[in-house]
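Novice: Please model the entire structure based on the sequences and the hints provided.
As they're listed, the protein sequences go chains L and U.
Residue numbers for the first sequence follow our numbering, beginning at 198 and rising by one.
Residue numbers for the second sequence follow our numbering, beginning at 240 and rising by one.
These are calculated hints, taken from the structure and not from any lab test.
Accuracy of the hints is not assured; some may be wrong.
Among the chain L residues that face chain U by a calculated CB cut under 7 Å, a handful are [stated by the list, open to error]:
#1 ALA213
#2 LEU514
#3 ALA517
#4 GLY519
#5 ALA520
#6 ARG521
#7 ARG596
#8 PRO597
#9 ILE598
Here a beta-carbon is modelled for each residue, glycine too, at the ideal position from N, C-alpha and C.
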Amino acid sequence: MNFFENFRIALRALTANKLRSGLTMLGIIIGVAAVVALMAVGKGATSGITSQVEGLGTNVITVSTARFFREAGSTTQTLFYADYETIEEEVGSLAKTTPYFQIQASVVNGDRQADYSVTGVTSNFASVNAYTVSRGRFITQQDNLGEARVAVIGSQTSQDLFAGLNPLGRDIQINGISFSVVGVLASKGTSGFSSQDDVVLIPLETGYSRLFGGRAFSGGRRTLSGITLSALDAEQVDSIIAKVEYTLRREHSLTLRDDLGFSVTSQSQMLSTLSSITGTLTALLGAIAAISLLVGGIGIMNITLVSVRERTREIGLRKAVGARRNIILAQFLVETLTLSILGGLLGTLLGVTIAWVVSLSGLIAATVTVDTVLLAFSSAALVGLFFGIYPAYQAAGLRPIEALRYE
Amino acid sequence: MIEVENLKKIYRLGDSKVRALDGVSLQIQDGEMVAIVGPSGSGKSTLMAILGCLDTPTKGTYRMDGQAMEKLSDNQLAMIRSRKIGFVFQQFNLLPRTSALENVMLPLSYNGVKGKTRQEKAQSALEIVGLSDRSRHHPNQLSGGEQQRVAIARALVNEPSLLLADEPTGNLDTHTGADIIRIFQNLNRERGQTVVYVTHDSFIARHTNRIIKIEDGKIVGDEKVENPIEAGMPRLDDVLAPAHRDEGKAGQVL
Ligand SMILES: Nc1ncnc2c1ncn2[C@@H]1O[C@H](COP(=O)(O)OP(=O)(O)O)[C@@H](O)[C@H]1O
Ligand SMILES: [Mg+2]
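Specialist: Now the structure itself:
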């Protein structure tokens with residue numbers, strides 16, 4: 198008996214019991230598809246988030262009083278406008294610097310109202326943060342000097358408040374104070390978890406005198422929410438961070454032992470924090486996928502074990518009419534291999550299709566990689582193989598009369 | 240020729256022992272037609288399984304054409320089953336969802352018979368049992384008698400020297416059973432086929448040339464039949480109460 202002979206017998210046995218074959222294969226298909234799709238979504242989410250953060254520019258350094266992660270017992274310092282001026286003096290030749298103060302405020306246009314982060318900025322805010330103006334102009338030095346009541350709004354804000362109408366020259370009320378819209382920013386897309394397009398920008402000086410009120414002052418001195426720096430040379434980012442930290446310690450009379458009380462972070466540090474988060478996410482999805490594979494495996498096991506009674510008597514009969522043990526094992530090997538490979542292929546196809554549909558929906562660009570396909574494929578095939586072969590191996594070891602009497 | 244010496248088969252169930260065969264010795268020559276009879280539980284099936292190399296004895300020797308069976312390996316026994324023995328079961332034991340022809344081809348595929356020859360041999364085996372027009376039927380599309388005839392064709396297809404049948408008519412009505420016995424008689428007379436079958440029905444037993452009686456795992460009688468009954472002859476109770484004829488219990492596929 199050669200291989201093709203055995204292959205024919207196996208195929209005959211498979212097609213003779215289509216329901217059993219179909220159910221076994223379904224287990225493999227679901228397991229493989231789940232792994233492929235879930236891993237693709239995980240990988241897609243990871244690379245999506247990191248590429249967006251990278252899109253912000255790796256040269257950007259943020260100084261703020263708010264910390265990304267606050268350690269217990271850490272102290273918070275107040276960031277003064279004067280700190281900005283000192284930092285500008287110290288590192289102004291290495292980086293563009295821009296101060297800002299941010300509040301949450303209600304913004305109204307006619308009967309449309311929403312809460313926004315309203316940020317007081319200076320004229321170089323746009324270039325440091327890589328914003329471009331799509332219509333009108335940005336906030337100028339004159340706006341700040343004259344404490345002009347003008348505003349530049351993000352593309353999403355424009356959409357929300359003006360519903361496609363031209364907002365230029367129109368007035369909006371910020372906490373009841375009228376500002377004239379002079380510019381609209383081009384869309385930047387979402388960064389990580391927050392949109393950068395639903396912003397409202399006003400001149401910093403106008404904010405201090407008219408909008409921010411007492412919370413923008415500490416001991417009579419003007420304070421800031423943060424300072425953004427954009428290094429002229431990416432190589433200089435680390436030394437700029439060191440200089441900024443040194444300056445802040447000096448200005449706030451902090452020794453090296455004291456907690457700095459500010460966060461000075463570069464985009465690349467943020468990136469590594471984020472990728473550790475998304476790494477956890479991918480691992481989590483992988484775990485879910487592994488569970489699906491396990492459930493699929495148990496499905497395979499179930500259907501194979503349930504059919505073992507029928508198969509044991511079939512094996513007894515085959516032995517009774519002259520089949521050797523190895524021939525029977527080979528038949529079952531070919532049967533399960535055929536099911537596993539076919540199921541694996543169909544499962545991969547299904548998984549790739551799911552990933553594709555997810556990508557089409559625009560949520561996440563799911564990416565299918567070869568190693569996940571191989572992982573899913575091989576583990577499903579191994580499960581199928583083991584649970585297909587093991588009962589057959591046992592049955593084939595029985596004397597024909599025992600196998601025939603099996604109940 | 241088969242020779243059996245002091246054959247014992249002992250089943251252990253917990254502490255108790257069941258002596259299913261308790262010292263059986265017998266010889267059957269080529270070309271004989273033998274019936275084995277005895278009450279239920281007397282060890283008939285156990286003996287048949289050992290004669291058919293489907294089971295091994297606890298003690299004793301079994302020689303077929305001079306060859307000692309108890310010395311053979313698992314694979315060698317498979318070879319003997321394939322080349323020398325045809326076995327017919329009370330429950331037919333056909334593969335379900337598989338055509339009659341394919342069921343008959345099964346032993347051929349394990350005996351190295353290839354493609355076209357295999358089909359031809361299987362087809363002519365079906366012809367012998369009168370079922371050449373049912374070759375495409377699946378077991379569930381055949382009557383009990385037809386299923387048993389397919390099983391006989393399967394047993395015959397490798398041209399075995401020994402045809403064994405354990406209660407081949409046990410699941411069939413008397414009329415259908417007679418058809419089965421007729422096939423055995425024809426095979427024995429026209430081809431010199433050695434046939435051994437088990438029955439608990441003494442009327443069916445008297446269709447052979449020799450009746451071996453078993454009780455409690457021992458041979459208690461071994462006699463020649465002077466005038467074997469021709470298959471198809473009415474039995475006495477049939478003549479008296481023909482309406483009582485059983486229409487046959489359902490057969491069983493695997
Ligand atoms: N697998 C087994 N395990 C234990 N006892 C068995 C087994 N097979 C048969 N027996 C016992 O052996 C005896 C003979 O059984 P069997 O050969 O089937 O009888 P028969 O076919 O004459 O009715 C019975 O008492 C039965 O209970
Ligand atoms: Mg019996």
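Novice: Next step is simple, just say for each hint if it's right about the structure.
Specialist: A quick look at each hint next to the structure:
Taking 7 Å as the C-beta cut-off, the interface hint given for L/ALA213 holds, the closest approach to chain U being about 4 Å. Restraint check, L/LEU514 versus chain U: the minimum CB separation of about 5 Å is within 7 Å; hint holds. The interface hint given for L/ALA517 is met, as the beta carbon of that residue sits about 6 Å from the closest beta carbon of chain U, less than 7 Å. A distance limit of 7 Å between C-beta atoms decides the matter here; for L/GLY519 the minimum to chain U is near 3 Å, and the interface restraint holds.
Nearest Cβ of chain U to the Cβ of L/ALA520: about 5 Å, under the 7 Å cut. The hint holds. Against a cut-off of 7 Å between C-beta atoms, the interface hint on L/ARG521 holds, since the closest Cβ of chain U lies about 5 Å away. For L/ARG596, the interface hint holds, since its Cβ comes within 7 Å of a Cβ in chain U; the closest pair sits about 6 Å apart. This hint holds: L/PRO597 has a C-beta 4 Å from the nearest C-beta of chain U, less than the 7 Å allowed.
A hinted interface residue such as L/ILE598 counts as satisfied when its beta carbon comes closer than 7 Å to some beta carbon of chain U; here the least separation is about 4 Å, so the hint holds.
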